[in-house]
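Model the full assembly from the supplied sequences, consistent with the hints where possible.
4 protein chains.
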Amino acid sequence: MKLRENEINDHNNLLKGSHKVRFDFLSKLIPESESIISKLINFQIAIPSWALGSGGTRFGRFPGGGEPRNLEEKIEDVGLLHKLNCSSGAISLHIPWDVPKDYRAIKNLAAEYGLRFDAMNSNTFQDQEEQVESYKFGSLQHVNKAVRKQAIEHNIEVIKHGIELGSKSLTVWLADGSCFPGQLNFRKAFQNTLESLREIYAALPDDWKMFVEYKAYEPNFYSTTVGDWGQSLLFTSKLGPKAYTLVDLGHHLPNANIEQIVSLLLMEGKLGGFHFNDSKYGDDDLTTGSIKPYQLFLIFNELIDGMDERNMNHASGLGWMIDASHNLKDPLEDILQSVEAIMIAYAQALLIDRAALKEAQLSNDVTSAQEILQNAFRTDVRALVAEARFRSGGALSPLKLFREIGVRNQLIKERGSKTIATGL
Amino acid sequence: MKLRENEINDHNNLLKGSHKVRFDFLSKLIPESESIISKLINFQIAIPSWALGSGGTRFGRFPGGGEPRNLEEKIEDVGLLHKLNCSSGAISLHIPWDVPKDYRAIKNLAAEYGLRFDAMNSNTFQDQEEQVESYKFGSLQHVNKAVRKQAIEHNIEVIKHGIELGSKSLTVWLADGSCFPGQLNFRKAFQNTLESLREIYAALPDDWKMFVEYKAYEPNFYSTTVGDWGQSLLFTSKLGPKAYTLVDLGHHLPNANIEQIVSLLLMEGKLGGFHFNDSKYGDDDLTTGSIKPYQLFLIFNELIDGMDERNMNHASGLGWMIDASHNLKDPLEDILQSVEAIMIAYAQALLIDRAALKEAQLSNDVTSAQEILQNAFRTDVRALVAEARFRSGGALSPLKLFREIGVRNQLIKERGSKTIATGL
Amino acid sequence: MKLRENEINDHNNLLKGSHKVRFDFLSKLIPESESIISKLINFQIAIPSWALGSGGTRFGRFPGGGEPRNLEEKIEDVGLLHKLNCSSGAISLHIPWDVPKDYRAIKNLAAEYGLRFDAMNSNTFQDQEEQVESYKFGSLQHVNKAVRKQAIEHNIEVIKHGIELGSKSLTVWLADGSCFPGQLNFRKAFQNTLESLREIYAALPDDWKMFVEYKAYEPNFYSTTVGDWGQSLLFTSKLGPKAYTLVDLGHHLPNANIEQIVSLLLMEGKLGGFHFNDSKYGDDDLTTGSIKPYQLFLIFNELIDGMDERNMNHASGLGWMIDASHNLKDPLEDILQSVEAIMIAYAQALLIDRAALKEAQLSNDVTSAQEILQNAFRTDVRALVAEARFRSGGALSPLKLFREIGVRNQLIKERGSKTIATGL
Amino acid sequence: MKLRENEINDHNNLLKGSHKVRFDFLSKLIPESESIISKLINFQIAIPSWALGSGGTRFGRFPGGGEPRNLEEKIEDVGLLHKLNCSSGAISLHIPWDVPKDYRAIKNLAAEYGLRFDAMNSNTFQDQEEQVESYKFGSLQHVNKAVRKQAIEHNIEVIKHGIELGSKSLTVWLADGSCFPGQLNFRKAFQNTLESLREIYAALPDDWKMFVEYKAYEPNFYSTTVGDWGQSLLFTSKLGPKAYTLVDLGHHLPNANIEQIVSLLLMEGKLGGFHFNDSKYGDDDLTTGSIKPYQLFLIFNELIDGMDERNMNHASGLGWMIDASHNLKDPLEDILQSVEAIMIAYAQALLIDRAALKEAQLSNDVTSAQEILQNAFRTDVRALVAEARFRSGGALSPLKLFREIGVRNQLIKERGSKTIATGL
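Residue numbers (UniProt numbering), protein chains in the order written: chain D, 1 to 424; chain R, 1 to 424; chain E, 1 to 424; chain X, 1 to 424.
No lab work stands behind these hints, which were simulated from the structure alone.
Possibly wrong hints are sitting among the right ones.
For chains that are exact copies, the list does not tell them apart, and a pair is met inside one copy or across any two.
[Stated by the list, open to error] Mimicking SDA-like on lysine to any residue, the simulated pairs with C-alpha atoms at most 20 Å apart in a straight line are:
#, residue 1, residue 2
1, K418, R408
2, K400, D353
3, K16, K28
4, K160, V143
5, K168, A146
6, K188, N311
7, K242, A202
8, K83, L3
9, K145, Q126
10, K28, S18
Written out as C-alpha cells, the structure is:
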C-alpha cells in the first residue's frame, strides 16, 4: 500500500495551526532548538524485517491480518512507515527469512522508498527445513566441528547477501548456551565460538562491522555463551577492530545499569549498535519507551556524551535498530510508537545543559546534577520532534494519519487476513 | 512400547548387591527408615500429558523422535515411566489437546497401567481452529462478555471430561493480563475474572477441587491478572471452600521465598497443589531439582510440617504434578530425573529431626536450626528412594534401565522420528 | 532558621515573568488546569522526622552539618520546607527518637508552622539503651511472650503520644523475620504477630487507622514476616476495619508491578497509605522520582482511578509520606526534589483523559491506551505545580530559593557542623 | 581462650567409633578417597578479622558478648577455629581496624597458632577520625585529586603493613560509585580509578598480587565503578600481570551465573580469589552454603576444572576467604559452618567423574551430564571432610566441641559482654 499524493499534506494542514503554537512556544524557550531539529532530521532508526508481523510467545501467537508475505511487502511496509515519520529510513534483513531473489530489483524497490539496508542478521538459533546439522545444542559453540562449519558458512552467506544489497554490517546474535549445569564446558564453548567468529570475521569486507550481541538468558536457561557485555567485549577485543558489541535493551539481568555499560563500551571504542525495545521482566520486547522512558533518556545521555567525546556522528556512528515483538498491537503502529519514543529521548538528551552538568559533577553537587537531567527530561519536546518530521515531509502525527487512512484495513484487503509474516 | 516381562527383574538382579550395601548402611543410620520408605511408596507424582514431547521457546523447537501422537500413546508413555519408577501413577490431561474419544477405553487403558487421572487442565491462552472468540486480550478477564462466556463454557466442558475419567480437580491457569500500562483496568479485570471463575466453580462437583494457579509474568509482560499468591488467595477465598491456590515453582519474581508462601497457604487451608520444575531466571521449566535442590528440600520441609499440623495425608492431601518443558533432553528421561529429585527432597525432608528443630526455634538457636536442616539435606538418601521403588516392583535405577533397553529408539521405530506431540 | 519576611516574595517577583509565560501557555492547552491546580494545592505530603539528617548504610555514614538536634528543630526544618513549597504540611514522628517532653509546646510549635502530625511510627527493630528484652530475633513475632509484650506496650505508648499530638494513625513496620532456613516456624511467627497486632489494634482509638507495612527483605535476609502485600492484607483483613496496608515503593522484589498492587488494595478497601522513595536495586531509599518517574506516574494513575471510584478525597483519603534516606545530598534539598516529583506525577495523572482511556480499554485498543497515558506523562506540567505553590504563598522555585538564601550554611551556623540527627 | 591439652582428643575418642563406620563405608565406595582427603587437608580458608564480631545492618546491630577487642584477640579467635577444624590457617587483616603495633610480636603470635597472613584489605569506604579528605563521593574515582591521593597513600600503607607481616596480596574493594543519574561521569570515574590503581600497583612488590573486587551495588545505589566482572577485568587487564579479579559470591545482580564468570576468569588467567558467603537477595553476607549449596558446588566444579587445566595448585593458586556478616549467630559458630560447607562443596566437586562428564559433553548427552554432577553432589561426603580434619589433629565435630567446652561463655568471661569488635 502506498500513500496517496496529498494525504500527508492534507493531514498536516489540519494540524499545522496547533502545532505551530506549541513549536513557537518551545523554540523560544530553547535557544538550541534549530540545532536539535537538524540532528533529529538526520537520525534514522532501522526497522527489522521480522517485526512487521505479529510476534508471539511459546504459549501462542495471535496474528492480525495484512502481514507482509515476502521481502517486497516488508520493504513496502517500512517504506510506508518512513513516509509517515521520515525517521525509519533503513531496513534490517534476516536470513534465511529474507533471502532476496533479485538483488537489483530489491535494491531498486528500497531506493524508491528511500531506504538503506542496515545490518544483516544471521539465524543459527533455529533449524531450517533443508539444514543438514541441527542447532539444538548450539551453533558457533558446538562440540561438533561440522555444525560450527555449517553455522560459519551460513554467516558468510549472509555477508554475501549484504554486500549485494549495500549493507555494511553483520549482527551475530547467538542463542548458544546451555540449559543445565554440566551440559557445557564453558571455556570450550567460548573457544569454539571465538574460533568460529574468527572465520566469519575473516570473510568480512574491510568497510564492514561485525556486531556481537549479548543476552543474559533465553532460549537457553542456564548459561549463554555470549551472556553479558563483558563476554561480548572479550570476543570483540580478541577479534579485531571491525568487531563491536551490540546492546539490546532487553538482554540484561534484573536492575542492570545499562547506561553505564553503554558509556564504558564507548570509552573502549567498542560499542557498535543498539537494539531498542523495552521490558519489565526479561526480554519482553515491548514498545520502546513504554515501560522505562527515563532509562531510555539516560542511555541517550550517555550515547551523546560518549559519541561527542569521540567526535562520532550521531546518525552514522552507531547502528540504530528497533528489535521488538508485537504480540498485541498492530506491528506498524507499535513501530511508530517506538520511533517516536526514541526521537523524544534523543531530543531530551540533546537538551541537557552539558556544561552545567560537568560543573555539578566536578563539585559533587548531586542535587544539581539530578536537576539538570530532570529539567531536560521533563521538558515536552514533542513539538520539536514533530517539526523535524514536518520539515522532512513527514506527517505531524504519523499514528493519527495511519489510522485515518485505514492502513491496516487496506493491507488486509490487499494481502488477506490470514497471512503470517516470517519471524518469531 | 511395553517392558518385557523380566526386564525390571533382570536389571534389579544386577544392581541388587551394591544397592543392598548402601541400603543396609543407611537403614542402620536412620531409625525411621521403614516409615520413610512406606511414605515414599505412597507418594505419586502426576505427569502432564503435554510434557511427553519436546518443548520449545518462542525462538524454536528441536523435536526428538518417537513423541506420542495421541492420548493413548501419552498414557502408554506415562505407564512406562510408572512401571520403571512406581512413582508416576497419575496423568494430568489438557483440553483440547487430550479430548478422549471413548472414555471407557481410555479409562481401561489407564487402569491397565495403574494410572489415575489427576487434575484436568483447561486452555484459554491459545486460539483453537474452530474457536469463535479470540483470547488475544484475555479470556476470563475479557472486557467482552461473549469471550468470557466461551472461556467459561470451555472450562465447564473440561470438568465434564474429567468427571467421565474420574478426575477430581480442575486446574485453571490463566495467561490473562496485559502487555502495556493502560491496556487494562486492573480492578475490572479482577472482577470479570472473579465472576467468570464463579460460574465455573458453580459447575464443579461437590467432591472436586478448583486450583487457581498464579504466575508473575509471561506470556503477558506488564501485568498478570492472577499474578501472585496474594491475588490467587483473594480469588480462592472469595470463591469458596472448593477453591485452592496452586503453586508452580517457576511462577515467581526473582528471589521470592516460595517455602514461606507454601507455609502460609497451608496455614490458611488454601494450598491446593504443586507444579514441580526448576528455574534460574523466569519460568524456565527446567528439570525439578536441577538448579536449586536446597530450595526444593526447604519447600518439602514446609509441606510436611504444614500438612502434618493439619493431619493431611501426604500422598492425597495436595495435588502433586510435574510441569516442565523438555527442550533439550529426552522428555521421558527428563521426567525420570524430576521424579527422582522430588522423591529425594521428600525423603530428606522426612529425615528432619522436628522435635530438635522446634526446640532450636523456641530458643532462637539459629546455628542449630541450620545444622538440623543441613544434616537432613546432606544425607545421601538415594538408597531409601531406590528401596521404596524396589519394593513396589520398580527398577533400582529407572534411568539406567530406560537407556539399556533403548526405549527412545523403540519409540522412534514405533511412531516415527518426525512425530510432534501436542504441547508448547 | 526562619525565612525573612519578603524572601519568598522577592524570589517570586524575579521569576514571575517567565513563569507566567509558561503557565499561560499550559493553561490554554489544558482546559481542566484550574481544577488540577486546586487539587495540587490541597495535596500535602508528610515529612518523616528521621529523614531530616544524613542517612547511611551499614558501611558508613557521611553526615553533613546543621542537622536538627531535637524534635523542635525537626519541626522547624519541616516548617521551612512547607513554607517554601506549601506541600509539606505534616510531620511524621518516630518513637523513641521523637518523644515529646511537652505536648502543648510541641503542638503550638507545629501549628505556628502550619504543620499537622501525620502517622506515628514505632520502632521495634532496634534495641534501646534502657530496654529489657532484645529484638534481635524479632518483636511482635518473637517466640518469647515477654518480648512480644514489650513490643506491644511500646506500640501502645506510641499511640498515646500520637493522641496527645492529634495524630490519627500508627504505622507498624516490622523488621521481624529470619536470616536462615529453619530459624523460624513461619506459621507460628505469623500467629504470634497477628496476636500482638490484635492487642495493639485494641488500643487504637476509634478514629485511628493502623498501617501494616510490608517489606520483602532487609534487615532480615531469608524471610520477613510481613513480607509482601498478600501477607499484609492477610493481617489487616483479620484485624478489622481500622487496619490498612501501607505501600513503600522500595519494599518489593525485583520487577514487581506496584501499580497493580495499589489498584487491588484500593479495590479491597484496604490501602492505607504510601511511603514515597525510589530505588534501582532494593530498598535504596533514593529521592522519589529519581530513577523510575514513569512508574510513579502509573501509580498515581491507579491511585486517582481507584480513589475516585470509591469517592475518596485525594488529599485525606490515604496517608502520604516520604520515606527516604539522604546519604549524599543535603536532606532538605532532597526532600524538596521528592515533593516536586510527587506533585508532577500527581498533576500528570490528573491530566489523563479517563473517558478516552476507558473507551480504549473497552475496545482493547492497546495502542491508544498507551498513547493516552504517554500523552499525559509527556506533558510538561511544572508550571501547573509552580502555580499551585505560588497561589498558596510558596516559592516558584523552592530549591533555587533554598540555595540563594544559604539555608544549609545558616543551619550549620546555628546548630554546628557535627550534629547528627536521630535516624538511620 | 585456648583449648586445653586433651580436649580435642577426648572429643574425638567419643565420636571416633561412629565416624569410622561412616568413613569406612564411604572410602569403600570412593576409590579416590585418599587423594581427596589429602587435598582437603591442604585446603585452607582465610578468616577475615572483621567477621569475628557481630555484624549489623543500617537498621541496627545486636552484639553478642566476648568479641575480640584488638588484633591479638582476633588472632586468638582464628587460632581457636583453626585448632578445631584445621582448615582456617590464615587471617585476613583490614586497615585501619587492624594496624599492628609490633609486627614481630604479631607475627610470632600468629605463628604460634599456625596462621598465615592472607590478603590485606584497605578501607576507603568510610571516613576515619583523623582523615583530611572525605570519601563521601568516592575515593580512587574522586573528582578531586587530593582525595584520590589520600586513598592511594592509604593503600600503599596497607601494602607496607602486609610486607611486614608476610602477606602477599592486597584486596581493593571500592564502594566508589554514585547514587543518582548525573552524579558521575562514568568514563571519568573509570579513568580516575584506573590511574589511582596504577599508582598502587606500582607500589606492589614483585611477588604480590592485587585483587580488584567488583560489586553490583551497595553502598552506592545507582552505579558502582567496579560494578561487575567485566569492569574488574578491564581494570586488571590494563593494570598488568599482578592484577587479578576477585569474586565475592554476594556481589552480583539477581540470577547471575557465577560459575560461568569463574570459568571465564580462569580461562583468561585473571581470577585472583574468592570471598565466600551466601545470599538470597543482595549482598546478604549469610553463612556460606546456607541458601544455595548447589551453586557453591557448581562453582567448585568450575574452579577445579579450570585450575587443573592451568596446573594451578588448589590450595595456593587462588586466594580463599570467607567474607560474611554474622548478624544473628555466634560469629565463630557461623564461621565453622561456613568452612564446613566449603569443604563439603570442594570434596563433592573433587568426586565428579570428569572423564565421564567430558564424554557426556562431547556427545551432548545433557541427561548424563546432569546425572554425573548430581551423583557427586548427592553423595554424603561429610565423613571424608571429618577424616581430613581428624588426620590433621582437628575435631571430628568442631561445632559440637565448640559448644561442649563453652567457648562463648569463656570469651565473655575473659573479655566482657559489652565488647564490640571493629567491623561493620
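Quiz item: When no copy is specified for K28 and S18, does a C-alpha distance of 20 Å or less occur within a copy, between copies, both, or neither?
Solution: Result: close both inside a copy and across copies, 16 Å intra and 11 Å inter.
Exercise. Go through the copies and call it for K145 and Q126: within, between, both or neither, with a Cα cutoff of 20 Å.
Key: within (18 Å within a copy, 40 Å between copies)
Quiz item: Which holds for K418 with R408 at a C-alpha limit of 20 Å: within a copy, between copies, both or neither?
Solution: Within one copy only: 13 Å inside, 38 Å across.
Quiz item: Can you tell me if K400 and D353 fall within 20 Å by alpha carbon in one copy, between copies, both or neither?
Solution: For K400 and D353, only the inter-copy Cα distance (17 Å) is at most 20 Å; the intra-copy one is 33 Å.
Self-check item: Up to 20 Å CA-CA - A146 versus K168, copy category
Solution: neither (28 Å within a copy, 47 Å between copies)
Quiz item: How would you label the pair K83, L3 (within, between, both, or neither) given a Cα cut-off of 20 Å?
Solution: Within one copy only: 8 Å inside, 58 Å across.
Exercise. State whether the alpha carbon distance between K188 and N311 is at most 20 Å within one copy, between copies, both, or neither.
Key: between (39 Å within a copy, 17 Å between copies)
Self-check item: Up to 20 Å CA-CA - A202 versus K242, copy category
Solution: within (10 Å within a copy, 34 Å between copies)
Practice problem: Since the copies are identical, ignore which copy is meant and state whether K160 and V143 lie within 20 Å (CA to CA) inside a copy, between copies, both or neither. | Solution: Neither way: K160 and V143 sit 26 Å apart in one copy and 49 Å across, limit 20 Å.
Quiz prompt | Intra- versus inter-copy proximity for K28 and K16 (alpha-carbon distance at most 20 Å) | solution = Cα proximity of K16 and K28: in one copy and across copies (18 Å, 17 Å).
In summary, the numbered hints that this structure violates are 4 and 5.
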